[in-house]
Structure formats: C-alpha cells, structure tokens
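A.B. asks: Each chain, letter by letter, is given below.
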Amino acid sequence: MNFFSKLMQLDRRWVYLLLVIVCLTAYYSDFTVPTIVEDETKAIYDFIEALEPGEIIFVAVDYDPSSQAELHPMTYALVEHAFRKDLKVIFTALSQNGPGMVDQAIRDITDSLKLPKTYNGIFYEGKDIVNGIDYTFLGYKPYYAIVITAMGQDYRILFPSDYYGTPLDSIPMMRRVHNYDDIAIVVDISSGSITDAWISYGQGKFDFPLALGLTGVMTAQYYPFLQSKQVMGLMGGLLGAAQYEQLADNPGLAKDGMRVQLPAHLLIILFILIGNVGYLATRYKERKV
Amino acid sequence: MKRQIPLVIVFVFGTLMVIQYFVPHENSEIVKGFLLDWIVIIGIFALALGLWSLVQVSIDKINSRKENWEYPLVTLISLTVMIFFGFTSHAEDASWWGYFLAIAVLLAALWMLAQGLMGNAANRNVKSLSALGLVIVFSLLAIFDGSWEFKFYTAEGLTNQMFVHFFDYIMIPLQATMFALLAFFITSASYRAFRARNLLATLLLISALIVMLRFTPGPWGEYLAKTSSWVMNVPNLAAQRAIVIGIGLGIVATALKVILGIERGYMGKG
Numbered sequence: 001m002n003f004f005s006k007l008m009q010l011d012r013r014w015v016y017l018l019l020v021i022v023c024l025t026a027y028y029s030d031f032t033v034p035t036i037v038e039d040e041t042k043a044i045y046d047f048i049e050a051l052e053p054g055e056i057i058f059v060a061v062d063y064d065p066s067s068q069a070e071l072h073p074m075t076y077a078l079v080e081h082a083f084r085k086d087l088k089v090i091f092t093a094l095s096q097n098g099p100g101m102v103d104q105a106i107r108d109i110t111d112s113l114k115l116p117k118t119y120n121g122i123f124y125e126g127k128d129i130v131n132g133i134d135y136t137f138l139g140y141k142p143y144y145a146i147v148i149t150a151m152g153q154d155y156r157i158l159f160p161s162d163y164y165g166t167p168l169d170s171i172p173m174m175r176r177v178h179n180y181d182d183i184a185i186v187v188d189i190s191s192g193s194i195t196d197a198w199i200s201y202g203q204g205k206f207d208f209p210l211a212l213g214l215t216g217v218m219t220a221q222y223y224p225f226l227q228s229k230q231v232m233g234l235m236g237g238l239l240g241a242a243q244y245e246q247l248a249d250n251p252g253l254a255k256d257g258m259r260v261q262l263p264a265h266l267l268i269i270l271f272i273l274i275g276n277v278g279y280l281a282t283r284y285k286e287r288k289v
Numbered sequence: 001m002k003r004q005i006p007l008v009i010v011f012v013f014g015t016l017m018v019i020q021y022f023v024p025h026e027n028s029e030i031v032k033g034f035l036l037d038w039i040v041i042i043g044i045f046a047l048a049l050g051l052w053s054l055v056q057v058s059i060d061k062i063n064s065r066k067e068n069w070e071y072p073l074v075t076l077i078s079l080t081v082m083i084f085f086g087f088t089s090h091a092e093d094a095s096w097w098g099y100f101l102a103i104a105v106l107l108a109a110l111w112m113l114a115q116g117l118m119g120n121a122a123n124r125n126v127k128s129l130s131a132l133g134l135v136i137v138f139s140l141l142a143i144f145d146g147s148w149e150f151k152f153y154t155a156e157g158l159t160n161q162m163f164v165h166f167f168d169y170i171m172i173p174l175q176a177t178m179f180a181l182l183a184f185f186i187t188s189a190s191y192r193a194f195r196a197r198n199l200l201a202t203l204l205l206i207s208a209l210i211v212m213l214r215f216t217p218g219p220w221g222e223y224l225a226k227t228s229s230w231v232m233n234v235p236n237l238a239a240q241r242a243i244v245i246g247i248g249l250g251i252v253a254t255a256l257k258v259i260l261g262i263e264r265g266y267m268g269k270g
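Protein chains in written order, with our numbering: chain A, 1 to 289; chain B, 1 to 270.
Quick caveat, the hints were computed from the structure, so don't treat them as lab data. Careful, some of the hints might be misleading.
[As the list claims (entries may be wrong)] Derived lysine-lysine pairs resembling DSSO-like cross-links, with alpha carbons at most 27 Å apart:
hint, chain 1, residue 1, chain 2, residue 2
1, A, K42, A, K205
2, A, K42, B, K226
3, A, K117, A, K42
4, A, K6, A, K285
5, A, K229, A, K205
6, A, K229, B, K226
7, A, K127, A, K255
8, B, K127, B, K61
9, B, K151, A, K141
10, A, K127, A, K85
11, B, K257, B, K32
12, A, K255, B, K226
13, B, K2, B, K66
14, B, K127, A, K141
15, A, K141, A, K42
16, B, K257, A, K205
17, A, K85, A, K42
18, A, K114, A, K127
19, B, K32, A, K205
20, B, K226, B, K2
[Unchecked claim] Anything over 10 Å on all C-beta distances counts as not near chain B; from chain A, calculated:
hint, residue
21, S29
22, D39
23, I122
24, D128
25, A184
Fair warning: this is a prediction, and the values are worked out from it, not measured in the lab. Where is the CB? At the ideal position from N, CA and C, for every residue including glycine.
Full structure from sequences and hints, please.
C.D. replies: Structure, rendered in structure tokens:
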C-alpha cells in the first residue's frame, strides 16, 4: 500500500483528534482575526445607527441552544447596539426553546450594560436597562405563521401579557404600540424555517423593514430575498456577528469565536485538499496501470 | 360521511382563508382572528395528545424493559420536574428540602398512578391506592409547606431559579454539545466525500473553498471576499431563486390539491 492509498484510508479518529487540538490551541491563543465587513451586515448596522432614541426595534429570537454558538453573539451585538443608542426592544421567541435563550440574553446584556464601557469610541457610564421601559419580552406562542400574522393586527391578540405575566397595556413602552406599524424594523435571528414565515406572512403582507441573522448554512438560501428588497440586511453565521461587532468597534463573543472557527475551517480546507490530492493521485495511478 | 365531512371542512375553510388574505376589510380580519384562535385551541389539544402519547410509549418501554429503557425514564422525570418548576415558585431564603421532597413525592405518585393505569393487572389496585396516598401527601405538602407554592395564573414559575438553572446548565450545554459534534462529522466527511470527481463537483469545490476562505487574513483576504460576494450574489442567487420559485409553485399546487380534496394524506390514509 503506497502513501496515497494510506492517506485515503486514514482513520477518522485522527481527523477528530487533529480538530480537537486545533480548536483547543486556537482557544488558548491570543490573536485577533481581521474581519472584512460585507454590505449585507453593514446595511443592518447603518439602519440601527440611523434610528432616533426612543424608537422601537423588534428582535425575534427564533433559535434553540443548538445554534447558540453562532446566533447568540448576533443577538448580543445587535441588542447592545440598540440599548447603547437608547432604542427600545421588543423580543419574541417563536421556537420552543427560544424563551430560555431570550431570557439568558436579556440577563447577560442588562448585566453588562450596568458596567462603564467604551463602545464604538464613546465612553458610556453604566446604566440600568429596565423591563417594560427599555424592553418587552412577549414570550413564546406555538404556530409561528399564525403568530406572525396575528401580530400584524395587534400584539395583544396572542400576547395579552408579556412573558413575565404583565398585561401589555400596563407596560409603559407598549401602551401605544399595537402592531408592526409602530416599530422601526424586525430583525429575525433564526436557525430554521421560521425565517420563511417572517418573509411570507410578515414582510410580504405588512411591508415592514426586515433584517435577518442566520446560521452559516442557511445564509445562501436567502440571497434572493435580499436582492428583491424583501430583506434589507443579512448577517450570516458567526462571521456576520463578528462583522457587526467590527462595525460597532465592540469585540465580543463573535470575534472571540472567530479565533477558533478560522483555524478549524483552515484545517477542514487542508483535509479537503489532502483528500483530493490522494484521490487524483490514486486515479492517475489506476489509469496508468 | 366520515370522509366527506373533513373534506367539506377543508374546502370551506381553505377557500375562506385564501379569499380573506386578499380582502383588507374589518370583517375579514375578525373572521381571520376567529379562525386563528381555533387553530391555537386545536394545537393545545394536539399538545395534550402528544404528551399523553409520550407518557404511554415511555411507560410501556420501561415496564417491558425494552432496550435503553432508562432513557424514557429520564424523559418522564425531566418532563415532570420541568412542569413542576414552571408552575411553582420558591420563597427566597427558604429551605429547599421541602421543595425537593415535594418533587420526589409527586414523581412517586405519578409513577404509581401510571402503574395503576397501564401496568400489569396484578397489584393494580394496590398501586392505585398507593398513588392516591402519595397524592394526598403531596397535597398536604403543597398546603402546609410555606417554602413553595403553586403559581398557575401568573408566570412566576418561569423566573423560578430551578427552572432557569435547569435550562441554562442542562438544556443549553446538552443541545450545544450535540450540535458541536457536527463539526467532527463534517470534517471527516469533507475529507472523504468532497472530491473533484467531475467538472460540476470541481466547480462546487472551488466555490466552497472561496466562500470558506473569505475571512482568512492576508493580502488575498479582500480579493477572496469580493469573489465570495460575487459567488453568493450571482450564481448562488440565480440558483436559489429558481429553487424558491419552484417550491412556491409546488406549495400552491399542493394547497390546491388539499383544498379540492385530491390530496387526502392528512386524513391518515392517502
């Protein structure tokens, strides 16, 4: 058995081991991955940046813990940007485990905002983000297509109270807010087919600005909606979140995650190249024989 | 009659919803709201049915000691515990022992009840009586133990420390770990299967490498980013649009077949 044949039959456990070593080494190393910002992400950042204090954005957290590594950094980057700009945020979670994700994100973001910090070149004193004044979490309801359609009429149809049981009419920031006409943008951060419903039943019918934050593997599917202007911006995977952090000059979870993702991707590319060299060499040898 | 009534219901409400979508009138919105309420109500019944089915299948698996019978046991315990945490609140600074004792008694009561309903015929009465006794003990604990209480009408259970901790420290790591394992399979699969066997496969391989390499540092980074952007915005977009239009037409055709009663798979038998 020659070298190339051996290469073709490499035990998969060696591949796993190498990936573990690369990830751990990258995790414990101290370097920064330079990020090139794409227009799709910049469109979302610019939109949020242009909003006036007090305006409301709607963040739909439609993912489960399985996509946390890719999508949580996106939620954190976007929501922190909104709170720094004194915008108000309405959250929903239309996937089963979404409420836990929102709850955790709110706790982490509000805690971090209590500390003084320089964000996008501006020094901010720590501030309290208050439920009902700065944000409202509507919670989860099943059948996302129905929920998205019903919210076009009034949030109160399916969410008479917020996630914590407070009636919407008792929540200061929700008193004059009834449907998508009262918000500046919907940002759907999603790992599944809920995004299709936001495009078809939400943006298609109620014509609000819609931005998407998606897992890396989903991103390619939604470019047609970007070009048709049904979607005004798109963040793809951890890279999209890192681009948002880059724009806000606020390195966080995504930039940190890119340190591991980059070497892991390079290793995968190396394996693909080695696999193909082995394949072509074996094929060449077979033809020669 | 058993087949015709569902067909008529589907035809009437399917047609109504199609027409409603194009009628921006107040009455049309009222009809839609009414029908949406119905869907949610039916969904809640489906949830209850699903829960009952899960309990039945799990208990059957445990009783007959089928392979991996321990997993359904974990499922049932987790289900009960999370529902219990979600509907109760624990007083701050109070002892946790009463709370945990109540959960243990509740689990034992439900187990005995399940055995009484679905277990072997022998000892069925004894188990049912044991379940009744344990339910009484649980009720007494709920009434007299001041460290915790039921919160059926408010959402306090959702902020219950145990409910949040179980999600944060069990659910999230478990699901994240399962998904993280994909990285290993993808790496192994890419090594074995991603081959330039022919022209199309080679094109796919080159496109994938460009898109994956677009964020690598170095002088080529910006050039790759631009090329990647072109790949995503031109060939990818064209192909995706064709797929989206195809899917859209397919959905319309299937919906029409369902409304007109040609497609009857939803009734259980095609």
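A.B. asks: Next step is simple, just say for each hint if it's right about the structure.
C.D. replies: Cross-check of the supplied hints:
| no. | hint | in the structure |
| --- | --- | --- |
| 1 | A/K42 with A/K205 | holds, 26 Å |
| 2 | A/K42 with B/K226 | holds, 15 Å |
| 3 | A/K117 with A/K42 | holds, 23 Å |
| 4 | A/K6 with A/K285 | holds, 14 Å |
| 5 | A/K229 with A/K205 | holds, 14 Å |
| 6 | A/K229 with B/K226 | holds, 21 Å |
| 7 | A/K127 with A/K255 | holds, 24 Å |
| 8 | B/K127 with B/K61 | holds, 19 Å |
| 9 | B/K151 with A/K141 | holds, 19 Å |
| 10 | A/K127 with A/K85 | holds, 12 Å |
| 11 | B/K257 with B/K32 | holds, 22 Å |
| 12 | A/K255 with B/K226 | holds, 21 Å |
| 13 | B/K2 with B/K66 | violated, 37 Å |
| 14 | B/K127 with A/K141 | violated, 38 Å |
| 15 | A/K141 with A/K42 | violated, 31 Å |
| 16 | B/K257 with A/K205 | holds, 24 Å |
| 17 | A/K85 with A/K42 | holds, 17 Å |
| 18 | A/K114 with A/K127 | holds, 5 Å |
| 19 | B/K32 with A/K205 | holds, 14 Å |
| 20 | B/K226 with B/K2 | violated, 61 Å |
| 21 | S29 | holds, 14 Å |
| 22 | D39 | violated, 8 Å |
| 23 | I122 | holds, 27 Å |
| 24 | D128 | holds, 18 Å |
| 25 | A184 | holds, 23 Å |
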